[in-house]
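*Asks:* Taking the hints into account, I'd like the entire structure generated from these sequences.
Residue numbers (our numbering), protein chains in the order written: chain A, 7 to 392; chain B, 69 to 326.
Just so you know, the hints here were simulated from the structure itself, not pulled from any lab data.
Be a bit skeptical, because a hint or two may be false.
Restraint ranges, calculated between C-beta atoms of paired labels, are given here [stated by the list, open to error]:
#  : chain 1 : residue 1 : chain 2 : residue 2 : range
1  : B       : ARG184    : A       : PHE181    : 19 to 25 Å
2  : A       : ASP275    : B       : ARG267    : 34 to 40 Å
3  : B       : GLU319    : A       : ALA105    : 41 to 47 Å
4  : A       : ALA372    : B       : PRO132    : 45 to 51 Å
5  : A       : PHE181    : B       : SER78     : 51 to 57 Å
6  : A       : ALA202    : B       : ASP284    : 55 to 61 Å
7  : A       : ALA105    : B       : ALA106    : 21 to 27 Å
8  : A       : GLN267    : B       : PRO320    : 31 to 37 Å
9  : A       : TRP87     : B       : ARG148    : 45 to 51 Å
10 : B       : ALA106    : A       : GLY175    : 50 to 56 Å
11 : B       : PRO132    : A       : VAL183    : 42 to 48 Å
12 : B       : ARG148    : A       : VAL379    : 43 to 49 Å
One-sided excerpt, in silico: chain B residues whose CB lies under 7 Å from chain A [said to hold, decoys possible]:
#  : residue
13 : ALA168
14 : GLY269
15 : ARG296
Glycine included, C-beta positions come from ideal geometry on N, C-alpha and C.
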Amino acid sequence: MAAALVAIWVILHGLSDGVFLTPRNLYNLAVQSSVVAVMATGMVLVIVARHIDLSVGSVLGFVGMAIATLQVEILPVDAAWNWPLSIAVGLALGAAIGAWQGYWVAYRGLPAFVVTLAGLLMFRGGAFLLTDGRTVAPLDPSYQLLGGGLRGSIGAAWSWALGGVVAAGLVARGFAVRARRVRLGFTPRPLSVEIALLALGCGLVALFVGVMNSTLRPGTEIARGIPVPVLIAIAVAVGMSGIAGRTRFGRYVFAMGGNPQAAALAGIDVRRLTLQVFVLMGILVSVAAVLTTARLNAGTNSMGTLAELAVIAAAVIGGTSLSGGAGSIGGAILGAVIMQSLETGMVLLGVSSPVRQVVIGLVLIAAVWLDAVYTRRRAASSWEAA
Amino acid sequence: MSEPLEGRVSAPLVEMRRMVKRFGSVHAVEDVSIDLRAGEVVGLLGHNGAGKSTLVKMLSGAEPADGGEIRIAGEIAQIRNPRDARRLGVETLYQDLALADNLDTPANLFLGRELRTPFGTLDDHAMERAAAQVIGRLNPSFGDLRAPVRNLSGGQRQSVAIARALHFNARILIMDEPTAALGPEETAMVVEIIRQLAREGLGIFLVSHDLHGVFDLSDRVAVMKNGRLVDVCATSEVTPDDVLAMIITGEPLSSVGG
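*Replies:* What follows is the structure, encoded as structure tokens:
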């Protein structure tokens with residue numbers, strides 16, 4: 007999949023006469039991918055658990071409107087705690103919406119498709135009703151930094167410092183894991199392979215920081231550094247990878263997706279687990295709502311329209327299987343970047359909006375088709391084994 | 069060591085008394101009592117729907133009982149769910165093996181009882197090592213532990229399920245059609261493992277509708293029909309044909325005239 011991304015980038019770079027792979031474009035690409043990437047990490051777990059969430063776009067709109075309204079019309083505008091409180095309320099609202107939908111799916115046995123389709127309608131309507139369709143603006147200047155924008159990045163020095171910490175962490179973890187496996191009596195992979203992989207990881211971190219630092223604030227000589235929304239998306243991705251791969255919760259979501267009966271017989275409370283997956287999804291949608299409103303510097307009732315499709319597409323292109331039980335957070339992030347690359351690339355090439363929609367639709371078909379072929383082959387091989 | 073004294077000192081490993089399970093108006097299990105001793109293999113036989121699976125599900129926690137009493141090693145046991153049963157040392161191997169196909173062997177072995185690091189995160193390395201040890205005991209030529217279990221053969225999958233019981237020091241093992249999905253070689257392997265486990269002092273219930281897979285392995289066979297216990301016999305005292313007659317007629321051996 008990383009190969010697919012590189013191929014798409016190289017092709018778009020060629021077609022756009024060398025505009026695509028410039029720091030400036032990659033900077034914008036990273037910012038624009040972050041909203042879908044944040045939600046896609048949650049959608050992976052929802053789909054792995056054999057469910058779907060069609061409501062994320064509408065919930066984003068509803069929660070975003072709630073946050074904006076709270077900041078501008080309800081809380082005192084000049085209070086320092088205004089925007090942090092509005093974020094906290096937004097996250098709680100997202101969690102509550104997730105719990106509502108998760109309740110119907112987990113404890114009342116309704117198909118997630120139906121419950122979240124209803125959510126798609128209800129929360130889009132709710133977003134409108136909050137202000138009768140008015141746009142709410144402007145938002146707090148500190149809050150706006152969360153969306154990126156002109157000043158919403160951490161500068162060159164902090165970017166390198168952060169990159170250094172991450173690289174050091176990668177190396178330390180790599181060797182700690184290696185030492186542990188040797189102590190437990192496993193044969194580790196060759197040291198040269200280990201070092202090569204770590205060098206690759208550190209190289210990618212450095213490359214990323216370098217690119218982000220090569221864009222300047224318009225009209226100045228100041229390097230922008232990593233944008234805040236990208237930072238948030240990376241933090242979410244790392245956190246969600248940890249949850250999916252290193253916690254009981256994540257392990258159980260995959261077990262339930264692979265064989266719900268086996269999970270239940272192993273003593274896992276599959277209903278509570280399902281509810282928790284939807285709550286997590288709701289919280290991540292709220293994070294995306296924060297990034298969106300901060301970037302727009304407004305709450306509008308059309309925010310997030312059709313985002314559910316981009317999010318599901320990102321997860322599926324990233325290798326999440328719609329039959330459940332398989333998927334990865336990293337894949338979904340790549341999927342989000344691939345989707346955004348196609349979109350941005352076609353805009354650069356002057357492709358009209360309707361044609362862009364057709365192309366993205368075709369890419370989605372291709373991704374799901376590949377998944378289906380793979381699943382069939384897998385089913386066939388396990389049949390032979392049985 | 070007189071007979072009665074020994075009987076009192078070692079209570080049966082499992083005593084199920086007057087067990088009842090109803091699904092609506094269907095009496096799936098009606099007033100069934102049975103016990104199981106340490107080191108003993110008891111075959112539970114009957115047609116589909118005879119109630120044998122439902123009976124053991126009350127012991128494994130998969131179905132709560134509607135009536136009756138279960139004692140384990142003489143103590144009254146409250147078994148409301150699979151976790152309760154596991155805590156009491158009851159492990160169950162289901163016919164479809166109840167494995168999550170998309171996960172690897174260590175993840176399946178420890179499902180619901182993962183080893184964790186001091187930070188509360190999963191300790192996959194420790195689980196992998198423990199899995200390698202217990203699987204190595206059962207099936208030295210097992211292959212790749214980190215492959216998803218869907219890539220494993222029927223016998224290997226059965227090893228994973230049995231390893232789960234071994235690792236957690238089960239005292240009581242329930243096996244539902246343990247050899248149904250296996251080829252001849254794998255069946256021989258599983259039969260050998262069952263004998264080995266009984267020698268180590270586990271009590272084992274073998275649930276099957278196929279007399280031939282079970283008769284030779286069992287010390288006693290219990291026959292059920294229509295939710296009721298027909299009879300329990302030592303396999304040394306009856307022939308397979310006698311048991312088959314009980315399965316079909318639902319009458320105890322004495323009344324059939326055997």
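*Asks:* Decide, hint by hint, whether the structure agrees.
*Replies:* Now for the hints, and whether the structure bears them out:
Under the hint 19 to 25 Å, the C-beta atoms of ARG184/B and PHE181/A, about 22 Å apart, fit the expected range. With their beta carbons about 37 Å apart, ASP275/A and ARG267/B fall inside the hinted range of 34 to 40 Å. Between GLU319/B and ALA105/A the beta carbon distance is about 57 Å. The supplied range of 41 to 47 Å is therefore violated. Distance hint check for ALA372/A and PRO132/B: the Cβ-Cβ separation is about 49 Å, which falls inside the suggested range of 45 to 51 Å.
A hinted range of 51 to 57 Å holds for the C-beta pair PHE181/A and SER78/B, which are about 53 Å apart. Taking the beta carbon of each, ALA202/A and ASP284/B are about 56 Å apart, inside 55 to 61 Å as hinted. Separated by about 48 Å at the C-beta atoms, ALA105/A and ALA106/B break the suggested range of 21 to 27 Å. Between GLN267/A and PRO320/B, the C-beta spacing of about 36 Å keeps the proposed range 31 to 37 Å intact.
Taking 45 to 51 Å as the suggested C-beta distance range, the pair TRP87/A and ARG148/B conforms, at roughly 47 Å. The given range of 50 to 56 Å is respected by ALA106/B and GLY175/A, whose C-beta atoms sit roughly 52 Å from each other. At about 43 Å, the CB distance of PRO132/B to VAL183/A agrees with the hint of 42 to 48 Å. The given range of 43 to 49 Å is respected by ARG148/B and VAL379/A, whose C-beta atoms sit roughly 44 Å from each other.
Checking ALA168/B against chain A: minimum C-beta separation of about 4 Å stays under 7 Å; hint holds. Given the 7 Å rule on beta carbons, the hint for GLY269/B is violated: about 25 Å separates it from the nearest Cβ of chain A. Among the interface hints, the one on ARG296/B is violated; its C-beta lies about 27 Å from the nearest C-beta in chain A, farther than the 7 Å criterion.
Hint compliance for this structure: hints 3, 7, 14 and 15 are not met, and every other hint is.
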